[in-house]
Amino acid sequence: MLSPVKIWRNQKHIASRLGLTGKIISWSLIRVPPDGFSDQAPYPIAIVELENGSRILSQVVDWERDVLKTGQKVKTVVRRTIETTQDGVIPYGIKVKPI
Amino acid sequence: MNIAVIGTGMTVFGERWEISPRALARDAVKQAITDAGCDKKNIQALYVANMLSGMLGMQGHLGALFAEELGLSIPAYTIEGACASGGLAIHTAVLSILSGQYETVLVLGVEKMTDHKPEQVSSALMGAGSNEERLAGATFPGLYAILARSHMEAYGTTVKELASVAVKNHYHASFNPKAQYQKPITIESVLRSSCVADPLKLLDCSPVTDGAAAVILSKKPTKHGITIIASQVATDTLGIAERKSLTTLIASTEASRNAFTESGISQRDIQVAEVHDCFTIAEILALEDMGFVKKGEAGKRMSRGAFTLGTAKQCVINSSGGLKACGHPVGATGVKQIVEITDQLRERCGKRQVSHARIGLSHNVGGTGATAVVHILRKETYA
Numbered sequence: 001m002l003s004p005v006k007i008w009r010n011q012k013h014i015a016s017r018l019g020l021t022g023k024i025i026s027w028s029l030i031r032v033p034p035d036g037f038s039d040q041a042p043y044p045i046a047i048v049e050l051e052n053g054s055r056i057l058s059q060v061v062d063w064e065r066d067v068l069k070t071g072q073k074v075k076t077v078v079r080r081t082i083e084t085t086q087d088g089v090i091p092y093g094i095k096v097k098p099i
Numbered sequence: 100m101n102i103a104v105i106g107t108g109m110t111v112f113g114e115r116w117e118i119s120p121r122a123l124a125r126d127a128v129k130q131a132i133t134d135a136g137c138d139k140k141n142i143q144a145l146y147v148a149n150m151l152s153g154m155l156g157m158q159g160h161l162g163a164l165f166a167e168e169l170g171l172s173i174p175a176y177t178i179e180g181a182c183a184s185g186g187l188a189i190h191t192a193v194l195s196i197l198s199g200q201y202e203t204v205l206v207l208g209v210e211k212m213t214d215h216k217p218e219q220v221s222s223a224l225m226g227a228g229s230n231e232e233r234l235a236g237a238t239f240p241g242l243y244a245i246l247a248r249s250h251m252e253a254y255g256t257t258v259k260e261l262a263s264v265a266v267k268n269h270y271h272a273s274f275n276p277k278a279q280y281q282k283p284i285t286i287e288s289v290l291r292s293s294c295v296a297d298p299l300k301l302l303d304c305s306p307v308t309d310g311a312a313a314v315i316l317s318k319k320p321t322k323h324g325i326t327i328i329a330s331q332v333a334t335d336t337l338g339i340a341e342r343k344s345l346t347t348l349i350a351s352t353e354a355s356r357n358a359f360t361e362s363g364i365s366q367r368d369i370q371v372a373e374v375h376d377c378f379t380i381a382e383i384l385a386l387e388d389m390g391f392v393k394k395g396e397a398g399k400r401m402s403r404g405a406f407t408l409g410t411a412k413q414c415v416i417n418s419s420g421g422l423k424a425c426g427h428p429v430g431a432t433g434v435k436q437i438v439e440i441t442d443q444l445r446e447r448c449g450k451r452q453v454s455h456a457r458i459g460l461s462h463n464v465g466g467t468g469a470t471a472v473v474h475i476l477r478k479e480t481y482a
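If you read the sequences in order, they're chains A and B.
Residue numbering for the first sequence follows the working numbering, starting at 1 and increasing by one per position.
Residue numbering for the second sequence follows the working numbering, starting at 100 and increasing by one per position.
Bound conformation, chain B alone:
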């Protein structure tokens, strides 16, 4: 499979009180179209990734809404898969090109979260969980906290090791002008932050974010040669109680294994990856479940700087700052991951550029691992 990423764009992520979802979308799409150097008339279909608009904003029918906003009367679809909506939309767009139906399509991820009260946002996000979880008063921090405790008891992972994920991602975000939090933090500040759901503290959690990201995909290659060479999706039970293991997200394992097989790439070939760090434990699970490290080792290696810009020997994880520090506008996140990997492979990431990045991976999770989407991108060299 060879689908070219011909243009990318994203808004500044953060608390964007002054700006509407429509304006966020316009900003990201305009950047992507300019970047691709194409006329918007060349875009044949639109895939919109969003999770919360219907529940929080009472606005559905986003395909038609954003097609109208962009002045395009083309086929348009909304793709929802909780926090993996963005990755799923990219996957669906890739399939639509592979089917032969379209040559060039636009994927837009957009989420406006700060217009609503935190407890409303928390309840709406629980739409990604099971009914049993909602009736128990569970929250996503609470569910990931349960996974964290199981991991700590099984493998001796410590709260300091968890905190080192947040510290790394804030450090990376300090070089990203579009990140929500561009301020480095320390292990101590994570451990001192207030407890949200034991053992997870405030600074173990990704924030509530407004933002949009856009990607234009095409069958025709471009001169910079960034292509998607694997696109895989896997699912698991909606609730965590039904799972055999509380220390592995099977959907991540399966989607990544299929992506590695599809592309003929192995973990060792990857220099840069954006993984789904909605909570610090989630990044630990992602690295282990996708086989970057052995089960139980991610925390220790994280503390030693094995995935940090400047000290990583093999692969830098979440150069954008990840969900933790770049921000997590849920529907936009999976699209933004493709934006970051593409920009890294095009060597236009400024101070956070990973040197000699040629192959990158993105990993997007919905709920507590009920959906996982993995993409592998490569920089092709044309003779």
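This is chain A alone, in the form it adopts within the complex:
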């Protein structure tokens, strides 16, 4: 069960990282997901270098096979992250989409 307090605390940092562009440094396609991600598999994850120079590890959304490459331009968006229980808080976080 995800702690609602932890979600509330972490979500305060999302806004400052939204709408940034960046590029893929390296990536993989997760075919065997951990608990809480089976509804999304297979899904890509990538190390992305953002325009402000910082790097994040993020899921890639709205993807097709040909965008999974080093140097691909992306931008940060907000998306639901992990599956939650029926009465749990829905957690949101940063993901990237190709541009």
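One thing to keep in mind: the hints can contain errors.
To be verified - Some residues of chain B that are not near chain A, with every Cβ distance over 12 Å (derived):
| no. | residue |
| --- | --- |
| 1 | Val111 |
| 2 | Lys140 |
| 3 | Val193 |
| 4 | Glu218 |
| 5 | Thr238 |
| 6 | Thr257 |
| 7 | Arg342 |
| 8 | Lys343 |
Stated by the list, open to error - Using 30 Å as the maximum straight-line C-alpha spacing, the simulated BS3-like pairs for lysine-lysine come out as follows:
| no. | chain 1 | residue 1 | chain 2 | residue 2 |
| --- | --- | --- | --- | --- |
| 9 | B | Lys140 | B | Lys393 |
| 10 | B | Lys259 | B | Lys139 |
| 11 | A | Lys69 | B | Lys322 |
| 12 | A | Lys69 | B | Lys259 |
| 13 | B | Lys277 | B | Lys343 |
| 14 | B | Lys412 | B | Lys282 |
| 15 | B | Lys394 | A | Lys23 |
| 16 | B | Lys140 | A | Lys6 |
| 17 | A | Lys69 | B | Lys277 |
| 18 | B | Lys412 | A | Lys23 |
| 19 | B | Lys259 | A | Lys23 |
| 20 | B | Lys343 | A | Lys73 |
| 21 | B | Lys343 | A | Lys6 |
Note that these hints are calculated values from the structure, not bench results.
We put the beta carbon where it would ideally sit given N, CA and C, even for glycine.
Take the given structure of chain A and dock chain B to it, following the hints.
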């Protein structure tokens, strides 16, 4: 530094459905005590290495638990450093002897992984990563796959070269009666195995394993003369996104450099090494980051058999079969590496014996290189 390894023991590694963590521990410790030829009353402290018991089995407080199981009411500690828990526990035990507090101590590494569903194990293992990695749905195969892709793009390392690590380690494990997989495999079978996280395939990955390993360390030397002459730990950022390089695990470089300095030993002096091959790319990184080969060359030399029993000219890597084929009960792995190196230096490894092994190294990694532990062992000759 001269700490004697006076006794070693390990269970058969594998899917041990029928056996409890307590029974695994009893088996490994009994072997170590018999091997040391000492009375268990001589053991003054216990260090337990484990990663997942609290998360998967809801059982913490393992120091007291295993002290009770062994019938010892001595100071007992749990050491956790993800997959480097075993190496860290050895390091901590060494320090406790150097401090003068204890003369003889026991290190027990134990992990029971197959009692739980694979996705639960996968999630629990991600406890070793960063929160950002967990929220992205990353897995350890996925994170090492990212490192593999960077290495392939930077140095031209191929999937065949990665596969040759698995082939070598399965070959070595075919001579190890305690290994989880004692069946040789081929490059083709690795490449044909199903993809877990591109570019890593099932047979690029170490398995889920139950097992325990135990080592007794002492200030007093023994007649076989196996001693730990260097014990070093280094750390790095928990997540890989914060790293400057995705093709080097800096913690491995730093821990090994300090271990070589501490012992006055160089890479060329080592005949046998157990390195942390949780994925095939991890063994490539280990050999390069510790300076056994130049950056970018490990894959090519691996394919040519440069680290394989029988064809290696200088140093055999992962004679036990490594994490890949001997198995990877995460908390036990670092302790098992010391067991294998000690047994090699004592020349009691049967068909997988490395001839004239006198100096050995063990390299244990936690997470994707957030912790690295390096030990160097030597066979002393007493006149």
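| Does B/Lys343 really sit off the interface, with its C-beta more than 12 Å from all C-beta atoms of chain A? | Contrary to the label, B/Lys343 does not stay out of reach of chain A, its closest Cβ about 10 Å off (not over 12 Å).
| Is B/Lys277 within 30 Å of B/Lys343, Cα to Cα? | Between B/Lys277 and B/Lys343 the Cα gap is close to 39 Å, so the pair fails against 30 Å, i.e. violated.
| message | Need the status of pair B/Lys343, A/Lys6: alpha-carbon distance at most 30 Å? | response | holds (29 Å)
| query | Has the given pair, B/Lys140 with A/Lys6, been kept, meaning a C-alpha gap of at most 30 Å? | reply | violated (47 Å)
| message | For B/Arg342, is the shortest CB-to-CB distance to chain A above 12 Å, so the non-interface label stands? | response | violated (8 Å)
| task | Compute the least Cβ-Cβ separation between B/Thr238 and chain A, then decide whether it is above 12 Å. | result | It is violated; B/Thr238 is separated from chain A by about 6 Å at its closest Cβ, not greater than 12 Å.
| Pair hint B/Lys394 and A/Lys23, alpha-carbon separation not exceeding 30 Å | This hinted pair holds, its Cα atoms lying about 25 Å apart.
| request: Could you let me know if the closest chain A CB is still more than 12 Å away from the CB of B/Val111? | output: Per Cβ check, B/Val111 is outside 12 Å of chain A; nearest 26 Å; holds.
| field | Holds or violated: B/Lys259 to B/Lys139, with C-alpha atoms at most 30 Å apart | value | violated (48 Å)
| message | A cut-off of 12 Å on Cβ-Cβ distance, and B/Thr257 was said to be off the interface with chain A. Does that hold? | response | Given a closest Cβ separation of 16 Å, the condition holds.
| message | Need the status of pair B/Lys259, A/Lys23: alpha-carbon distance at most 30 Å? | response | At roughly 28 Å apart (the allowed maximum being 30 Å), A/Lys23 and B/Lys259 satisfy the hint.
| said: Tell me if the straight-line CA distance from B/Lys412 to A/Lys23 falls inside 30 Å. | reply: violated (43 Å)
Checked against the numbered hints given earlier, the structure breaks hints 4, 5, 7, 8, 9, 10, 11, 13, 16, 17, 18 and satisfies all the rest.
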